[in-house]
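Residue-level listing of the chains:
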Amino acid sequence: DAKTTQPPSMDCAEGRAANLPCNHSTISGNEYVYWYRQIHSQGPQYIIHGLKNNETNEMASLIITEDRKSSTLILPHATLRDTAVYYCIAGRANAGKSTFGDGTTLTVKP
Amino acid sequence: GAVVSQHPSWVICKSGTSVKIECRSLDFQATTMFWYRQFPKQSLMLMATSNEGSKATYEQGVEKDKFLINHASLTLSTLTVTSAHPEDSSFYICSADLGTGSKGEQFFGPGTRLTVL
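Protein chains in written order, with the working numbering: chain F, 9 to 118; chain G, 129 to 245.
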């Protein structure tokens with residue numbers, strides 16, 4: 009897996025968009041960007057993944073820069089329940105296992 | 129879809145005893161599952177890759193004789209912590225992907241908290 013760098017913590021006001029950055033400057037052409045989150049004392053939850061194009065699902069949007077060296081996870085309307093540690097991982101689709109970094113602790117405040 | 133369960137959700141045991149943790153894929157078949165360990169305030173660390181019908185692959189530094197993994201069916205992998213000691217107290221999490229046709233996204237179980245007294 010390519011190394012990823014994320015800010016250790018971020019705050020966001022409830023109802024506002026949360027934009028979580030991830031740097032993966034050494035990502036290779038066949039590596040995807042995956043995002044997961046872990047709410048306290050639970051197993052991680054898959055959020056979204058992408059290769060080159062921007063992606064959107066019911067949980068979030070993923071914006072990948074054209075050079076693929078960084079990406080941003082966007083939670084459009086953050087709620088208190090979105091408070092969690094968010095992990096960005098870059099890896100091959102057939103690699104299976106995931107290498108977790110320290111992630112970003114997002115705190116959504118009322 | 130893509131639900132992974134774990135049992136038990138928490139367990140307390142005495143030092144020297146063995147503990148078995150089950151990981152099940154409820155609505156899909158998983159030829160490969162992964163076991164992670166997470167200590168307080170730390171990130172997840174991959175312990176081993178569990179392969180259905182064959183031996184598990186352990187990460188460097190993980191004792192295969194202490195952490196026994198069995199993947200006897202396409203929906204069940206078990207992790208047995210043998211002769212548990214207090215330093216084995218941790219949060220154990222399994223995951224699986226959807227295999228061929230997926231893009232590698234992992235689906236995780238809810239975790240098992242092990243406390244060794």
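Derived from the structure by calculation, the hints contain no laboratory data. Some clues are possibly wrong.
To give a feel for the contact side, a few chain F residues facing chain G, derived at Cβ under 8 Å [claimed, not checked]:
{"#": "1", "residue": "Glu22"}
{"#": "2", "residue": "Gly23"}
{"#": "3", "residue": "Ala25"}
{"#": "4", "residue": "His48"}
{"#": "5", "residue": "Pro52"}
{"#": "6", "residue": "Gly99"}
{"#": "7", "residue": "Arg100"}
{"#": "8", "residue": "Asn102"}
{"#": "9", "residue": "Ala103"}
Under the rule of at most 27 Å between Cα atoms (straight-line distance), these lysine-lysine pairs were calculated in the DSS-like manner [what the hints assert, rightly or not]:
{"#": "10", "chain 1": "G", "residue 1": "Lys194", "chain 2": "G", "residue 2": "Lys169"}
{"#": "11", "chain 1": "G", "residue 1": "Lys194", "chain 2": "G", "residue 2": "Lys148"}
{"#": "12", "chain 1": "G", "residue 1": "Lys148", "chain 2": "G", "residue 2": "Lys183"}
{"#": "13", "chain 1": "F", "residue 1": "Lys11", "chain 2": "G", "residue 2": "Lys148"}
{"#": "14", "chain 1": "G", "residue 1": "Lys194", "chain 2": "G", "residue 2": "Lys142"}
{"#": "15", "chain 1": "F", "residue 1": "Lys105", "chain 2": "G", "residue 2": "Lys194"}
{"#": "16", "chain 1": "F", "residue 1": "Lys105", "chain 2": "G", "residue 2": "Lys169"}
{"#": "17", "chain 1": "G", "residue 1": "Lys194", "chain 2": "F", "residue 2": "Lys60"}
{"#": "18", "chain 1": "F", "residue 1": "Lys77", "chain 2": "G", "residue 2": "Lys231"}
{"#": "19", "chain 1": "G", "residue 1": "Lys142", "chain 2": "G", "residue 2": "Lys192"}
{"#": "20", "chain 1": "G", "residue 1": "Lys169", "chain 2": "G", "residue 2": "Lys142"}
{"#": "21", "chain 1": "G", "residue 1": "Lys192", "chain 2": "G", "residue 2": "Lys169"}
{"#": "22", "chain 1": "G", "residue 1": "Lys183", "chain 2": "G", "residue 2": "Lys231"}
{"#": "23", "chain 1": "G", "residue 1": "Lys142", "chain 2": "F", "residue 2": "Lys105"}
{"#": "24", "chain 1": "F", "residue 1": "Lys105", "chain 2": "G", "residue 2": "Lys148"}
{"#": "25", "chain 1": "F", "residue 1": "Lys117", "chain 2": "G", "residue 2": "Lys148"}
{"#": "26", "chain 1": "G", "residue 1": "Lys169", "chain 2": "G", "residue 2": "Lys148"}
{"#": "27", "chain 1": "G", "residue 1": "Lys142", "chain 2": "F", "residue 2": "Lys11"}
{"#": "28", "chain 1": "G", "residue 1": "Lys169", "chain 2": "G", "residue 2": "Lys183"}
{"#": "29", "chain 1": "F", "residue 1": "Lys60", "chain 2": "F", "residue 2": "Lys117"}
{"#": "30", "chain 1": "G", "residue 1": "Lys194", "chain 2": "G", "residue 2": "Lys231"}
{"#": "31", "chain 1": "F", "residue 1": "Lys105", "chain 2": "F", "residue 2": "Lys77"}
{"#": "32", "chain 1": "F", "residue 1": "Lys11", "chain 2": "F", "residue 2": "Lys105"}
{"#": "33", "chain 1": "F", "residue 1": "Lys60", "chain 2": "F", "residue 2": "Lys105"}
{"#": "34", "chain 1": "F", "residue 1": "Lys60", "chain 2": "F", "residue 2": "Lys77"}
{"#": "35", "chain 1": "F", "residue 1": "Lys11", "chain 2": "F", "residue 2": "Lys77"}
{"#": "36", "chain 1": "G", "residue 1": "Lys231", "chain 2": "F", "residue 2": "Lys105"}
{"#": "37", "chain 1": "G", "residue 1": "Lys148", "chain 2": "F", "residue 2": "Lys60"}
Where a beta carbon is used, it is the ideal one built from N, C-alpha and C, also for glycine.
Exercise. Which hints from the list above does the structure break, by number from lowest to highest?
Worked result: Hints 1, 2, 3, 4, 13, 17, 23, 25, 27, 28, 29, 30, 37 are the ones this structure does not satisfy, whereas the remaining hints hold.
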